[in-house]
Amino acid sequence: MKISFWHRLLDLIAPRLCVVCGRRLSPTEEVLCVACNMHLPRTGFQSSPLDNPMARLFWGLIPVERVAALFYYEAGSRTSNILYDLKYHDHPEIGYVMGRLMASEFMAAGFFEGIDLIIPLPLAKRRQRQRGYNQSMELARGISSVTGLTICNKVVCRTRFEKSQTQMHHWERQENVAHVFKVEDLRAVRGRHVLLVDDVITTGATMMACAREILKTEGVRVSLLALGFTKS
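Residue numbers for the sequence shown follow the working numbering, beginning at 1 and rising by one.
FYI, nobody ran anything at the bench for these hints, they're computed from the structure.
One or more hints might be untrue.
[What the hints assert, rightly or not] Listed below are the simulated DSS-like cross-link pairs for lysine-lysine, each with C-alpha atoms no more than 25 Å apart in a straight line:
| id | residue 1 | residue 2 |
| --- | --- | --- |
| 1 | Lys182 | Lys87 |
| 2 | Lys231 | Lys87 |
| 3 | Lys182 | Lys125 |
The model shown is predicted, which means the values in this text are computed figures rather than measured ones.
Based on the sequences and whatever the hints tell you, model everything.
Put into structure tokens, the structure is as follows:
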């Protein structure tokens with residue numbers, strides 16, 4: 001990878017820092033330094049996408065083709081900075097870079113074979129206005145840049161603004177997101193294999209609510225992908 005003079009000069013004037021450890025990044029590093037990338041607590045779920053702890057959240061509730069996440073998320077850990085900065089500190093570029101990283105690693109396991117399109121989990125309009133972007137869309141953009149899969153971000157919408165789920169128990173999360181999604185373009189998903197993308201999965205309530213609406217469409221199949229997965 002050839003690094004331009006201007007790229008090096010910009011790094012000198014405004015050095016980029018690793019989102020995990022805060023160390024200065026080299027011109028060839030993006031978001032994560034090599035050491036933090038190596039020590040990222042990867043799940044390895046792409047190797048067993050039908051039987052892993054995240055997939056089991058959906059067993060007996062909705063039919064899913066493949067389910068995976070890149071790394072284990074733990075609140076307060078240094079790696080949690082990846083998601084905090086992506087969602088709350090105005091760093092959409094983290095989503096794009098991490099989406100590319102995830103797609104590059106998962107392609108080797110055949111995770112994306114047969115998938116037709118990507119749907120990033122939509123944000124409520126109010127929250128997207130507050131944040132300025134949808135973090136799931138940024139992840140989807142990174143994934144698409146590697147896989148070539150088309151992103152369809154206007155197929156599903158949120159019909160109302162739900163409360164934050166951070167402090168909710170499992171049943172409260174289910175109640176909070178029930179009936180908040182609506183499929184607006186049935187033709188786009190009919191008979192297709194859809195990949196739903198979100199930033200982090202805890203109980204799976206939000207992803208499940210969205211997938212249920214999409215699965216009402218004839219012949220659709222659904223796979224699920226997240227950047228982080230919270231251990232129970």
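- Task: Give me the numbers of the hints this structure contradicts, sorted from smallest to largest.
- Result: none
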